[in-house]
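Trainee: Sequence:
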Amino acid sequence: MAKIKSEKVAKATKKARVLLALSVNGVAYQPNQIIEADDDLLNALVGQVDPHPDAVAYCEGIKNG
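In terms of our numbering, the sequence shown opens at residue 219 and continues consecutively.
Mixed in with the good hints, there may be bad ones.
Unchecked claim - With beta-carbon atoms standing in for the labels, derived distance ranges:
no., residue 1, residue 2, range
1, Lys281, Val245, 16 to 24 Å
2, Asn282, Asp258, 24 to 32 Å
3, Gly244, Asp272, 25 to 33 Å
4, Val264, Ala230, 15 to 23 Å
5, Leu238, Asp272, 24 to 32 Å
Since the hints were derived computationally from the structure, they do not count as laboratory data. Treat the numbers as computed from the prediction; the structure is a model and nothing was measured. Don't be surprised by glycine CBs; every beta carbon is placed ideally from N, CA and C.
Produce the complete structure using the sequences and hints provided.
Mentor: If you want it as structure tokens, here you go:
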């Protein structure tokens, strides 16, 4: 799991499932990876990530299964 820092001030973060290949702050992510980011960044990535708890649980399950 990668943690993304979008600002110097620490903000509350959420986990999200990556839905398609993307790059954030120079870091490449592939589908079914989990990223952790603040709400502002997750809102900017709508359609590319899914922060729903079921999506995150599914992704964690396929990594552990």
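Trainee: It remains to establish, for every hint, whether it holds in the given structure.
Mentor: Structure-based check of each hint:
no. : hint                        : result
1   : Lys281 / Val245: 16 to 24 Å : holds, 18 Å
2   : Asn282 / Asp258: 24 to 32 Å : holds, 29 Å
3   : Gly244 / Asp272: 25 to 33 Å : holds, 30 Å
4   : Val264 / Ala230: 15 to 23 Å : holds, 18 Å
5   : Leu238 / Asp272: 24 to 32 Å : violated, 18 Å
Checked against the numbered hints above, the structure breaks only hint 5 and satisfies the rest.
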